[in-house]
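Chemist: Read off the chains here:
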Amino acid sequence: MSAARRLAANWLPAYAALFVLFLYLPVLLLPIFSLNSSASPRFPLTGFTLKWYAGLPKTPALLDAAWNSLVVGVSAAVLATVLGICAARALTRYRFRGQRAMQGLIMAPLVMPEIIVAVSILIIVLALGMPLTLFTVTLGHVLVCLPYSISVLISGFEGFDRSLEEASADLGETSFGTFRRVTLPMMAPAIISSLLVGFTISLDDFMMAFFLGGNDVTLPVYIWGQLRFAARLPGVLALGTLLLVASIVLLTIAELLRRRAQERTQTTGGLLA
Amino acid sequence: MAATAEGMSAAGAPAARSRSYLQSDEAKGYSLISAPFLYALAMLGLPVVVVVAHSFWTQTYLTVDRTLTLENYRQAIFEPIYQDLLFRSLWISFTVSVLTVALAYPVAYFISFHGGRHKNLWLFVITVPFWTSYLLRVMAWKVVLGYNGVLNSALMGTGITAEPSTAFLYNSTAVMITLTHAWVAFAILPIFVSLEKVDRTLVEAATDLGDGPIRSFLRVTLPLSLPGVIAALLIVMIPTVGDYVTPKMVGGTDGVMIANAIQAQFGRAMNKPLGAALSVTTMIAVCLMAGGTVLALRAAVRAFR
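Line by line, the protein sequences give chains A and B.
Read the first sequence against the working numbering and you will find it ends at 259, with the numbers running on by one and no gaps.
Read the second sequence against the working numbering and you will find it ends at 546, with the numbers running on by one and no gaps.
In case anyone wonders, no lab produced these hints; they're calculated from the structure.
All C-beta atoms in this analysis are idealised placements derived from N, C-alpha and C, irrespective of residue type, glycine included.
One or more of the hints may lead you astray.
Stretches of chain A that chain B covers, calculated by requiring three or more beta carbons in the stretch to come under 8 Å of a beta carbon on chain B [unchecked claim]: (1) -1 to 9; (2) 12 to 25; (3) 81 to 93; (4) 103 to 110; (5) 128 to 142; (6) 202 to 214.
What follows is a list of derived Cβ distance ranges for each label pair [what the hints assert, rightly or not]: (7) A:A174 <-> B:R456: 43 to 51 Å; (8) B:D495 <-> A:F121: 33 to 41 Å; (9) A:R86 <-> B:G398: 41 to 49 Å; (10) A:I234 <-> B:W332: 53 to 61 Å; (11) A:D147 <-> B:L311: 51 to 59 Å; (12) B:L282 <-> A:G41: 39 to 47 Å; (13) A:L49 <-> B:G398: 53 to 61 Å; (14) B:L311 <-> A:E249: 52 to 60 Å; (15) A:L91 <-> B:G398: 51 to 59 Å.
Please model the entire structure based on the sequences and the hints provided.
Modeler: The following block contains the structure:
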């Protein structure tokens, strides 16, 4: 039995390491080939170059798309976080009838095929005669970001010591004053974390932007358009690498903040966002 | 405690009831949840109802005829092309969800039982790729599997093959590999959560009573982590059935899925009602398949015990 246990103990870490390799290897190819001088992504590498990156700022369509992504990402993250704060506070602080059903509907985009969510919004937008613009993309992104926002915020709100709020109320603060001066500062890391996660999701989302964007193009939709041309692949790889780095940096900050929020509220469980 | 005290005083003084209800936990909860709930209702609940309505209508060019008809469903269910696409999509999403759970379970188990102090770090490292752009990850697989791709150049470079092979890209296997890679990290989370809840003393008890590591795993750990396995299956199976990007980029003609047909109805074909019927049919079909899989899995685990 001890032999079997030793085998299990050695087999699992090796498998876990291979698993991480499998997760990262394909993704790491993007930065590798974006720095390679050959226009076609294949081994052996031909030489180091930054020319694909240098070409990026000279493409006006790309700069437009980047600006669009920034506008949509910031708006969607802020809106989703504001709605998420309300939902997370209602769900962690109060008990009421229909709670589970309401939570179910709000979290539903998490487990629905994205094309069906996108098509549903598209039908209603077309039926209302609204034009497809960045505004409609933002509406879709808020819906998709909201469940993630709520998960991040709930993990920060859970285990929040209510006696602090009660103390504040006893000392004469109004409920809004208590929220602003006690609850909000305690929750700040979770809120910033939610903003960053929301922005990252919006920045990376393709389906909503593709269906609801009309002629307004965000970065993923721009990349999608470029993929038809084999000659533009290195530029796309360079752009993709930049997006990848941006996502990873934002998420790392978000994770560190979320953990700090958890430490502040002193939860021991609830490891997951 | 504050809630019960409030409730009692309200019962004692009927006149004060309405005011104290406004200050009750329930009222505060409703007022807070109303904004996000109404948003989800307006942007998801209502649109889904409109989609279902559309699926019973017909469209000629730009005008929608609102006479109720089942013609769209006849096409969506019985036309061979949509039937093929639906069955292929269901098969792909089923395979991908089973594969992801099988690949993810040992990793979740490792982190939960042997992760030690670094559990959080492991989870973060594993989930980061999931958060990076889906489009970029699919593109990476295209670079790996393509005719001039990494796999072919590696195989030729090492002398295993003389010619680049076209067998890797543009088929449903490529779609399955790409989707598995895309979702496997996400599947770890629910499995990990349920493994964390497994009472370690139960495993010890099984060992003390003479079960070997494999038997105690099959009889204690696996059944207790079943909710996580089921959640992981569902959060992979249901979204992947409607995947659009992967089949479009690495699927070729052999890997086309139902989402590509749905998109075509909203784009070039301009037949929203048929697109709606295809969406509803897909959603119902995948829910039935998911329900069946869950039942089969529960029965299998019970049989093992």
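Chemist: With reference to the structure, classify each hint as holding or not holding.
Modeler: Hint by hint, here is what the structure shows:
A stretch counts as covered by a chain when three or more of its residues have a beta carbon under 8 Å from one of that chain; for the region -1 to 9 of chain A and chain B the count is 7, and the coverage holds. Three residues within the 8 Å Cβ limit are the bar, and the region 12 to 25 of chain A against chain B gives 5, so the coverage statement holds. Counting residues of the region 81 to 93 of chain A whose CB falls under 8 Å from any CB of chain B gives 7; the rule of at least 3 is met. With a threshold of 8 Å between beta carbons, the proposed coverage of the region 103 to 110 of chain A by chain B holds, since 7 of its residues qualify and at least three are required.
Look at the region 128 to 142 of chain A against chain B: 4 of its residues bring a Cβ nearer than 8 Å to a Cβ of that chain, three or more, so the hint holds. For a cut-off of 8 Å, the count of residues in the region 202 to 214 of chain A with a CB near a CB of chain B stands at 4, and the three-residue condition holds. The hinted window of 43 to 51 Å between A:A174 and B:R456 holds, with their beta carbons roughly 49 Å apart. For the pair B:D495 and A:F121, the supplied restraint of 33 to 41 Å holds, since their beta-carbon distance comes to about 39 Å.
Checked against the hint of 41 to 49 Å, the pair A:R86 and B:G398 fails, with Cβ atoms roughly 56 Å apart. Between A:I234 and B:W332, the C-beta spacing of about 34 Å breaks the proposed range 53 to 61 Å. At roughly 58 Å, the beta-carbon separation of A:D147 and B:L311 lies within the given 51 to 59 Å, and the hint holds. With their beta carbons about 46 Å apart, B:L282 and A:G41 fall inside the hinted range of 39 to 47 Å.
Under the hint 53 to 61 Å, the C-beta atoms of A:L49 and B:G398, about 38 Å apart, miss the expected range. Range check, B:L311 to A:E249: about 58 Å between beta-carbon atoms, so the 52 to 60 Å window is met. The hinted range of 51 to 59 Å is satisfied by A:L91 and B:G398, whose Cβ atoms lie roughly 53 Å apart.
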